Amino acid sequence: MKKTVQELLLIENTQLNHDNFKLILQSKTELPHIYPGQFVNVEIKKATEIFLRRPFSVLDVDYEKNTFSLLVKILGRGSKVLTTYQPGDTVSTIYPLGSSFTLPKKTDKVLLIGGGSGVAPMLFLAKISGLKPEQVHVILGARSKEDHIDISAYEPFGNYYFTTEDGSLGTKGFVTHHPVFTEELGNFDKVYTCGPDLMMKAVAAEAKKANVNCEASLENMMACGFGVCLCCVEKTTEGNKCVCTDGPVFNINQLTW
Amino acid sequence: MVDLSVKIKDLVFKNPVLTASGTCGFGEELADFVDLAKLGGVVMKGTTLKPREGNDYPRMAETPSGMLNAVGLQNKGVDNFIKNIYPNIKDIDSQFIVNVNGSTVEEYVELTERINELDRIPAIELNISCPNVKEGGMAFGVSCPSAEAVVREVRKVYDKPLIVKLSPNVTDITEIAKAVEGQGADSVSLVNTFLGMAVDSKTRKPVLSTITGGLSGPAIKPIALRMVWQVYQAVKIPIIGMGGIMNATDAIEFMIAGAAAIQIGTAIFIDPTIPIQIIDGIESYLKENNLQSINELTGSLQI
Numbered sequence: 001m002k003k004t005v006q007e008l009l010l011i012e013n014t015q016l017n018h019d020n021f022k023l024i025l026q027s028k029t030e031l032p033h034i035y036p037g038q039f040v041n042v043e044i045k046k047a048t049e050i051f052l053r054r055p056f057s058v059l060d061v062d063y064e065k066n067t068f069s070l071l072v073k074i075l076g077r078g079s080k081v082l083t084t085y086q087p088g089d090t091v092s093t094i095y096p097l098g099s100s101f102t103l104p105k106k107t108d109k110v111l112l113i114g115g116g117s118g119v120a121p122m123l124f125l126a127k128i129s130g131l132k133p134e135q136v137h138v139i140l141g142a143r144s145k146e147d148h149i150d151i152s153a154y155e156p157f158g159n160y161y162f163t164t165e166d167g168s169l170g171t172k173g174f175v176t177h178h179p180v181f182t183e184e185l186g187n188f189d190k191v192y193t194c195g196p197d198l199m200m201k202a203v204a205a206e207a208k209k210a211n212v213n214c215e216a217s218l219e220n221m222m223a224c225g226f227g228v229c230l231c232c233v234e235k236t237t238e239g240n241k242c243v244c245t246d247g248p249v250f251n252i253n254q255l256t257w
Numbered sequence: 001m002v003d004l005s006v007k008i009k010d011l012v013f014k015n016p017v018l019t020a021s022g023t024c025g026f027g028e029e030l031a032d033f034v035d036l037a038k039l040g041g042v043v044m045k046g047t048t049l050k051p052r053e054g055n056d057y058p059r060m061a062e063t064p065s066g067m068l069n070a071v072g073l074q075n076k077g078v079d080n081f082i083k084n085i086y087p088n089i090k091d092i093d094s095q096f097i098v099n100v101n102g103s104t105v106e107e108y109v110e111l112t113e114r115i116n117e118l119d120r121i122p123a124i125e126l127n128i129s130c131p132n133v134k135e136g137g138m139a140f141g142v143s144c145p146s147a148e149a150v151v152r153e154v155r156k157v158y159d160k161p162l163i164v165k166l167s168p169n170v171t172d173i174t175e176i177a178k179a180v181e182g183q184g185a186d187s188v189s190l191v192n193t194f195l196g197m198a199v200d201s202k203t204r205k206p207v208l209s210t211i212t213g214g215l216s217g218p219a220i221k222p223i224a225l226r227m228v229w230q231v232y233q234a235v236k237i238p239i240i241g242m243g244g245i246m247n248a249t250d251a252i253e254f255m256i257a258g259a260a261a262i263q264i265g266t267a268i269f270i271d272p273t274i275p276i277q278i279i280d281g282i283e284s285y286l287k288e289n290n291l292q293s294i295n296e297l298t299g300s301l302q303i
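As given, the protein sequences belong to chains D and U, one line each in that order.
Sequential numbering from 1 applies to the first sequence in my numbering.
Sequential numbering from 1 applies to the second sequence in my numbering.
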């Protein structure tokens, strides 16, 4: 999959909740295949004080319109300025970057667990998994009801469960407190997770105990995104690996968690 | 037609734009973005005799107009280079230069001897300026006697062009430049990164696992430019200038200040196609200014 530096046209910027936005970007040329877990490195030129690009997960792709959408969660100055971009603006991107989640086998029953901006690849994966909705179960966690985004567009592709730390939506607690996780984990063939480190580590620990195959997508800080700066390394069973090129998706057995 | 080619000793670069060590992998990593054969040269990731895991994460901190890194020479060692990387790059029509590192003089010499066996590696860049390793690295590049010792011993076993990469973390960079020239270096490349530091005020912890790291990017450009200018006054060997070059204008400024060639580093992280844009920009500048050869630009500062 060839990586390119491309100026894309922003055709839509939708606010999903108080700090999450969906940006739809369009290419003039045919899109390469983009898979769940892969990311796009965006130069935020309107924030002149931001030096490096910022990585964002792909939420969805429309090959007919040559568009893909990014879930942009405001985490700092860069992401905040990006959410002020308007339709008609151009955005400098490098994509598609990184590895993707291994797609499930036809007969697999899968559990997808997302939090924060890690919700994006989970929704994308649910949509293109190729499985029947009853095989796909998705737990999404957030601090509170208003931190969750509307996932109705993805409802046809799976069963969705919510957790909130304050109990304002779904099960009170973390994703690992949801009954689907605490009681049925062993029934899944595969667990996929993306989100904050602590969340993924908790998921991975339980998946290991239950002997369920598990992949996690990491969010280490990076400078380049294509494997030359060697800044985003994660310790693995085979030594330091670049999250941007060897990952961001790793099987948890490769990690030293 | 303008002549973009530059020479270091008997080695011809088709243009003065090289990619800097540690910012372009082994060249292959940039192949999606640029035609490597269009580059003047590629200075590959710092290589050591034995594999190195590098420093712990986090290794990077974004800073105003730049960044700190503390990678610590992570590489798979020279055996891996010879077996798995050299075969892929040896037939690409550019100059692939190995950045040679060691923690002792003996290691520098032994690694140089290994690289010397490779016909298609036309030169080495002796790195005596890495700020992110505990042993060797910058320690050799901050005093004249140690810089001289490394260059003297490596020179004995290496007849091809020998470039020495200098540290800016010194009182007077011209002294080091003169010292390595005196031991037979064919060129000096400058500057490596400036030793810097970032602190997280919320946690009161250092941002980097190593506490300090190397600063690069436009933040260092005026200092790097000044050092190139000073070294140009002090030595006769060609200078390869670098430090925060983001575009063709920056590159041209370094050449006016005295650089015969330049390296692009941190700018690649933001736009890996930038080396080609800079080559094109330099060519346009020469045409617009009725210069036939890039060499007319080097040291052409009007005072």
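One or more hints might be untrue.
What the hints assert, rightly or not - In silico SDA-like pairs for lysine to any residue, Cα to Cα no more than 20 Å straight-line:
1. U:K205 to D:N220
2. D:K2 to U:S65
3. U:K221 to U:N169
4. D:K45 to U:D271
5. D:K241 to U:I85
6. D:K235 to D:N251
7. D:K235 to U:P58
8. D:K201 to U:P58
9. D:K45 to U:S65
10. U:K202 to D:T256
11. U:K83 to D:D189
12. D:K132 to D:D189
13. D:K46 to D:T84
14. U:K221 to D:L255
15. D:K45 to D:E12
16. D:K73 to D:K28
17. D:K241 to U:K205
18. D:K28 to D:N66
19. U:K76 to D:K65
20. D:K2 to U:K221
21. D:K241 to D:K209
22. U:K76 to D:G227
23. D:K201 to D:T256
24. D:K45 to U:K76
25. D:K2 to U:L36
None of these hints come from the bench; they were simulated from the model.
The structure presented is a predicted model; accordingly, all values stated were derived computationally and were not measured.
Hint-by-hint comparison with the structure:
Proximity of K205 of chain U to N220 of chain D is assessed by CA-CA distance (about 18 Å); at most 20 Å being required, the pair is judged to hold. Distance hint between K2 of chain D and S65 of chain U is unfulfilled; the C-alpha atoms sit about 29 Å from each other, more than 20 Å. Between K221 of chain U and N169 of chain U the CA atoms are separated by roughly 14 Å; this keeps the pair inside 20 Å, and the hint holds. Proximity of K45 of chain D to D271 of chain U is assessed by CA-CA distance (about 12 Å); at most 20 Å being required, the pair is judged to hold.
Between K241 of chain D and I85 of chain U the alpha-carbon distance is near 17 Å, which keeps this suggested pair within the 20 Å criterion. Between K235 of chain D and N251 of chain D, the direct Cα distance comes to roughly 13 Å. Compliance with the 20 Å bound is thereby established for this hinted pair. This hinted pair checks out: K235 of chain D and P58 of chain U have alpha carbons roughly 11 Å apart, not beyond 20 Å. Taking the CA atoms of K201 of chain D and P58 of chain U, the gap is about 18 Å. The hint holds against a cut of 20 Å.
Of the pairs offered as hints, the one joining K45 of chain D and S65 of chain U holds, with about 13 Å between alpha carbons and a cut-off of 20 Å not exceeded. Annotation: proposed proximity of K202 of chain U to T256 of chain D is violated, straight-line Cα distance about 28 Å (limit 20 Å). Of the supplied pair hints, the one linking K83 of chain U and D189 of chain D is violated, its CA atoms being roughly 39 Å apart against a limit of 20 Å. Restraint check for K132 of chain D and D189 of chain D: the C-alpha separation of about 14 Å stays at or below 20 Å, so the hint holds.
Note on K46 of chain D and T84 of chain D: the hinted pairing holds, with a Cα-Cα distance of about 9 Å set against a maximum of 20 Å. Of the supplied pair hints, the one linking K221 of chain U and L255 of chain D is violated, its CA atoms being roughly 39 Å apart against a limit of 20 Å. A C-alpha spacing of about 18 Å is found between K45 of chain D and E12 of chain D, which places the hinted pair at or below 20 Å, so the restraint holds. This hinted pair does not check out: K73 of chain D and K28 of chain D have alpha carbons roughly 26 Å apart, beyond 20 Å.
Between the alpha carbons of K241 of chain D and K205 of chain U the distance comes to roughly 25 Å, so the proposed pair goes past 20 Å and is violated. With a CA separation close to 7 Å, the supplied pair K28 of chain D and N66 of chain D stays within the 20 Å bound. Of the supplied pair hints, the one linking K76 of chain U and K65 of chain D is violated, its CA atoms being roughly 43 Å apart against a limit of 20 Å. With a C-alpha separation of about 32 Å, the suggested pair K2 of chain D and K221 of chain U falls outside the 20 Å cut-off, and the hint is violated.
Proximity of K241 of chain D to K209 of chain D is assessed by CA-CA distance (about 25 Å); at most 20 Å being required, the pair is judged violated. Pair hint K76 of chain U plus G227 of chain D holds up; C-alpha atoms about 14 Å apart against a cutoff of 20 Å. Distance hint between K201 of chain D and T256 of chain D is fulfilled; the C-alpha atoms sit about 10 Å from each other, no more than 20 Å. Restraint check for K45 of chain D and K76 of chain U: the C-alpha separation of about 36 Å exceeds 20 Å, so the hint is violated.
In summary, the hint linking K2 of chain D to L36 of chain U is supported, as the alpha carbons are separated by about 15 Å, within the 20 Å threshold.
Violation of the numbered hints given earlier is confined to hints 2, 10, 11, 14, 16, 17, 19, 20, 21 and 24; the remaining hints are satisfied by the structure.
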